[in-house]
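K.L.:
Given next are the chains, with one letter for each unit.
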Amino acid sequence: MTEINVIVDGKQETGAVQDRTLLVHWLRDSLDKRGPKIGCDTGNCGACTVRWDGQLVKSCMVLAVQADGGTVETAASLSEEDGSLNRLQQCFKDHHALQCGYCTSGMLMTATDFLCSGEPVTEEATRRALKGNVCRCTGYHNIVRAIRAAAEETP
Amino acid sequence: MNLSGRFETSAAATALLALHGGVDALAAVPTLRDVRLDGSGNVRAVFTPRSTFVPMPFSITVAVQQAGAEGVVLSVHGTRGPTAVDVMLVLGFTPGPQGTYVSWAADVAIRGPAATVGQRVVRDLVSSALEEILHDTAAVA
Amino acid sequence: MTSDQLTRPAVRFTGKPMPRKEDDRLLKAQGEFGDDTPVAHLAYVVFVRSPYAHARITSIDVSAAERVDGYLGCLLPDEVEQLTEPYVELQGPPADVEVDRCLASGGVVRFSGEPVVAVAASSREAARDAAAAVVVDYTPLPHVVDARSAVLPDAPQVHEQIGSNVAFDALYDWGDIDFALENADHVIEVDELHFHRFSSTPLECGVVTVEYDAGVDTFTFTGGFATPQLATFNLAVALRHPANRLRVLSKDFGGSFGVKLNTHIPATAAALLARKLGRPMRWTETRSEHHLMGGHGNERWFRDVKMAVQSDGTVLGLSYDALDDVGAYTRYEPLGGVIWTQVANACYQLKHLKVRYRSIYTNKGPVHPNRGYSRMQHMWLVERMMDIAAHKLGFDPVEFRLRNYVQPDQYPYTTVNGCVYDSGDLPLSLRKALDLIDYPGARRLQRELAGTGKRIGIGIGSTLDSGTNNFAQARLLNAHLPFGGNTEGALVRLGADGSVYATTGGVAFGQGHETTVAQVVADMLGVAYDHVHVQRGSDSSLSAQTGFSGSYASQFAVTGIAAMINATKRLIREISLVASSVLKCEPEEIELADGAARVRTDPERALPLAAVAGIVHFSPVDLPPEVAEEVGLVARSVYRAPFELPDLDRKYGNLTLTYATQIHACVVEIDEETGHTKLLRYAMVDDCGTPINPMVIEGQVHGATVHGISAALFEHFAYDEHGQLAAGNFYDYHAATALDLPSFGYDSVVSPSPFTPIGAKGMGEGGGAPLHALSAAIQDAIGTQGMVLASFNPPERVLQLLRGLDAEKVQVLR
Amino acid sequence: MILPPIQYLRPATPADAVATLSEVDGSVVLAGGQTLLNVLKLDLAHPAALVDVHRIDALRGVRHTEDSALVIGAATTYAELASSPDVRRTHPEVADMAAGLVDRQVRNRGTIGGNCCLNDPTNNFPPLLAALDARFRILGVAGERVLRADEFFLGTLTTAVGRAELLTAIEIPALPTGSVVAHEHLQVGADSWALARAVVRLDVTDHVVTDARVVLGAVYGSPLRLSDVERMLVGSAPAALPEVELDLDTADDVHGSAAYRREMAEVQLRRAVRAAVERSGR
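Residue numbers (our numbering), protein chains in the order written: chain A, 1 to 155; chain B, 1 to 141; chain C, 1 to 814; chain D, 1 to 282.
If you are wondering where the hints come from, they were derived from the structure by calculation, not from laboratory data. Do not rely on the hints blindly, as some may be mistaken.
[Unchecked claim] Quick list of in silico lysine to aspartate or glutamate cross-link-like pairs, EDC-like style, CA-CA up to 20 Å:
1. C:K454 - C:E672
2. C:K569 - C:E591
3. C:K678 - D:D191
4. C:K16 - A:D94
5. A:K93 - C:D530
6. A:K93 - C:D24
7. C:K678 - A:E124
8. A:K93 - C:E32
9. C:K276 - C:E85
10. C:K678 - A:E123
Using the sequences plus the hints, can you model the full thing?
P.N.:
Written as structure tokens, this is what we have:
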């Protein structure tokens with residue numbers, strides 16, 4: 001077992017992990033972080049998407065030991081400080097951009113990263129930004145609308 | 001999946017034929033380890049092909065189906081985690097100027113996850129692994 | 001409460017796009033899905049699976065697993081045979097001798113991926129390592145992966161004891177198709193068509209946690225159970241355990257689309273281990289496992305298809321021979337063998353239909369109900385034949401459909417087999433769909449691009465989403481099955497705090513039940529939307545459920561909501577009783593509005609619901625004894641769908657209550673050099689009667705649409721010659737991404753159902769319209785030089801179609 | 001999915017990495033891990049140890065040599081290549097390829113060195129780098145060696161990098177003035193697996209093609225250079241390719257038969273030549 005120290009959602013966390021432990025398993029099983037989900041075995045679905053040291057990654061393709069000394073943000077960090085929905089989350093709600101909710105945390109992380117990137121939020125660019133996140137419920141139409149609405153509303 | 005190949009070795013056909021029970025000789029093959037005979041007289045070993053970018057050790061069982069001066073028929077069953085590989089391998093020996101020509105033909109079935117993930121690569125991987133083990137084995141004969 | 005009351009101006013929530021109650025927790029990563037729930041002392045189960053499609057198990061060696069640190073124990077096939085009963089089979093003889101258990105039974109594995117050993121360990125890692133250390137030796141047996149080969153006399157037998165690979169064989173013959181074929185102006189014949197194997201592959205794979213409480217000898221199962229009472233029944237039989245000591249729970253649930261109806265199978269193994277090892281057990285399915293046995297949709301061959309058409313374009317009917325490939329076990333099958341007859345007519349006025357239908361075992365993953373279950377296959381065939389007939393006989397595809405649709409003035413329309421289509425306006429729906437894709441503009445584009453290497457195709461998909469099963473249709477399959485009609489339950493109560501609590505028998509996995517229930521209940525009780533608390537998920541130990549409870553077969557808007565309406569009516573009666581005794585009036589004079597019970601003619605005389613609750617819960621002395629003893633402020637009610645038993649001899653009767661319609665239209669662009677299909681425009685028009693929440697409805701339509709598009713172009717559970725699944729995870733099973741899809745055009749038509757309490761129809765499955773529409777669009781682009789006879793059209797196939805594929809399989813006999 | 005038991009090692013320098021690889025039996029380089037970790041999850045391979053080189057500074061980043069060759073550290077990510085103004089200035093085709101690869105999450109982790117060392121037939125970079133005459137710097141215990149693409153890519157999932165060696169950098173010479181590069185591919189869906197891929201480079205001087213590189217990907221174990229086709233293109237003005245029939249030994253998969261892939265390789269080849277010709281005229 002290796003000891004790791006990672007700031008997760010703003011809080012210093014210490015864990016003992018096996019070398020083989022994937023970041024997603026440590027976040028979920030040891031920290032009860034329910035944002036990152038597991039939807040595939042092969043890095044295709046994006047349900048486990050988090051930000052690590054400011055970069056968007058799929059936490060099923062990172063070892064927990066690799067994150068030692070770093071910072072990880074999961075979807076649990078997105079809400080406003082008073083616990084209310086942030087602008088993007090509210091747009092997801094307003095546009096019915098989620099159904100079962102299983103892909104939602106990953107979608108929100110990717111959308112957050114995309115909106116922060118400064119790239120133009122066109123229909124095509126939004127769809128391209130989402131291609132690493134699979135949703136089996138919504139058909140993506142409303143997710144794209146929600147993200148574009150969030151971009152328009154951003155002051 | 002059917003694969004085939006042919007190469008020449010300096011070993012005599014009789015030496016090649018002797019290999020199937022020759023655990024000591026097989027133990028000298030660099031890509032084989034834990035070579036032993038099981039209760040049925042089949043050879044068991046762990047085979048790790050040399051060429052792939054990540055080690056892919058397979059537990060293999062080799063059973064001799066037929067053996068004669070002109071060749072042997074081997075059934076090879078290999079497992080690697082949930083993946084299983086079955087190979088019916090027909091080897092033919094003909095004398096050559098430097099020793100023996102070995103021609104081989106393999107009927108290969110891949111089962112488990114590798115049957116999916118390996119679709120684009122498995123043919124080449126199995127082919128080169130077979131070439132490799134046959135060359136290496138001939139070299140210790 | 002009547003439907004009048006729901007549509008009067010005072011209605012505030014029903015029919016409006018209310019934001020979903022589920023969303024906040026899901027958006028804040030505070031949902032609780034199957035693998036989220038923390039459980040003390042939890043252990044983990046991993047299955048060792050067969051790599052062989054068909055083999056005899058020669059030996060199982062767990063000695064190396066026993067040496068893994070953290071290993072707790074395992075479950076072997078012999079042990080399962082001793083401890084369990086086989087799952088109940090629906091089919092009659094001879095296939096009812098099939099034995100299906102949670103681990104390979106009879107010493108034989110019958111599909112690649114079948115579980116052979118269940119290993120338990122104290123951590124996920126240890127369970128994985130122990131499972132990897134188990135050595136199973138097999139002797140391969142001959143296998144069969146093509147249903148057409150499986151019916152040949154010398155085919156390998158999937159279940160030796162049955163003596164045949166046919167699980168179910170029936171002839172459906174309504175009208176007189178032989179006469180029609182002899183006398184029609186035209187007869188179109190197609191040798192063979194193929195509907196391929198795919199599934200909705202929910203993003204959350206299967207997961208179940210089993211806790212065994214030895215003190216009360218009770219199992220609690222938590223996970224994705226879409227039909228909790230049927231699961232309880234199956235588990236009770238399999239585990240030989242009293243049903244009253246089984247509790248089945250679902251919390252948040254990451255999609256099912258039907259395929260999770262068989263969660264009881266892995267749950268059985270986890271339960272045996274939990275009891276044996278004295279620890280809670282969790283099994284979390286991996287994506288690769290899910291693709292192997294999480295449930296595939298029905299694959300179907302249609303052979304010897306004949307359609308009779310008059311020279312004026314009237315279609316008289318058709319006949320065909322269906323081979324439905326159900327895989328290695330009939331888990332929910334062969335119900336699909338009758339479910340398709342709910343929509344025997346598809347969207348059309350067919351008078352004659354004759355189908356020989358056989359369910360066939362193969363050495364492939366078992367099929368489960370999958371969104372559009374068994375109906376979309378038949379409707380794809382009918383729609384394909386309509387399209388082929390239009391092309392071959394020179395009819396305009398739009399006019400040809402319009403002529404043959406069931407017309408608006410014909411509702412309620414009785415089909416050839418006695419089903420009653422409740423309402424709809426297909427011509428209006430089609431016109432709206434064509435407007436959304438700019439049909440004339442698309443035809444113009446088609447002409448302009450001719451000869452450029454790109455071809456434009458325009459396709460229409462007409463379909464039905466039949467909802468609310470009459471379970472008596474199971475008796476068409478096997479007359480001895482004790483099922484008939486349909487019910488759903490609901491529980492509503494006024495809590496001591498004056499809040500309203502509602503519990504439905506349904507199990508939501510994204511459909512927004514918490515939202516739609518709250519809309520209806522809030523309106524009926526005259527309280528704020530936020531005042532109604534709807535229980536997440538389901539709990540079989542609460543009396544909200546009936547035997548048929550659950551989420552499947554597009555029915556919640558009818559059964560779930562109707563049960564909730566009935567329960568709420570009861571609660572209203574109780575509230576009225578209390579209020580009238582306090583306000584000194586008759587109960588009939590009470591109305592509920594603005595959070596209070598008040599005298600209708602004198603609204604100033606009002607008692608807030610919190611006061612009603614307070615009196616009943618804390619101050620019953622204020623009530624007359626007869627009221628206090630009558631009122632508990634807990635109302636439980638059932639909705640019984642109005643069905644009768646069908647005529648089993650004629651296979652005739654109404655099999656579902658509602659028939660939502662969907663018309664899809666699309667424009668594709670095909671690259672002549674590669675066969676690559678690009679979707680340029682896609683539109684759908686939905687008619688599911690009176691909407692409860694139009695936002696939720698549109699979301700369901702979007703989702704079903706993408707399942708269909710992705711299935712038509714990308715998704716295929718193909719098996720290779722060795723019986724190996726060639727699309728074993730999302731690497732090669734390409735579930736459409738956002739980039740694969742255009743934005744959708746959407747519109748609706750509202751044809752209230754005359755048969756349901758508020759005119760709503762069940763919806764959500766969608767009827768596979770994109771498969772119909774894309775097949776038609778590709779055919780339109782190609783013309784008749786090749787014929788689209790498969791539901792799956794990847795680029796290579798489209799390229800072959802451009803070169804004449806299958807043209808010879810379609811003949812105009814007359 | 002849980003990985004098999006494995007040891008994680010993180011050397012600080014390329015030399016340390018090579019030493020570790022040579023000392024630890026069954027160890028293997030972990031670069032971005034975006035394929036390797038999946039292979040491990042599926043239990044298709046079982047190295048004893050992962051030697052993480054992703055954070056070794058000497059293996060990251062890009063620079064130009066005096067003669068304007070681009071030197072890319074092997075552990076440079078796709079995202080870094082895509083956003084680097086330096087790469088875009090001299091080798092826009094490398095930046096474009098990186099920007100279009102997989103998805104934004106994987107682009108942040110996946111490395112050009114990993115893409116090459118894996119040498120999966122469907123990988124994007126090997127055929128492009130072959131067309132650009134890239135050189136591969138490999139560090140071993142005995143020192144460094146530099147290989148050409150045809151020496152580096154040996155076959156499916158096989159390269160010249162030995163078990164105790166490390167790819168440290170990829171060096172791409174400056175393209176001659178008048179050189180154009182085009183790549184075309186057919187994919188599953190809008191942007192997934194490549195079924196066939198072609199990269200064409202034409203060096204054009206005074207409206208005459210003086211040199212050419214024609215490389216196929218996705219249909220063969222390694223990037224496949226088509227010298228015959230190159231000869232057809234050299235010596236005349238840039239022009240579309242006449243019909244060519246390729247005799248490729250490729251394999252079926254669930255997305256397409258070998259015959260289809262072969263034909264699609266021909267189509268992509270024609271399209272890539274056409275695109276290069278169009279570019280040369282600009």
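K.L.:
Run the structure past the numbered hints and jot down the numbers of the failing ones, going up.
P.N.:
none
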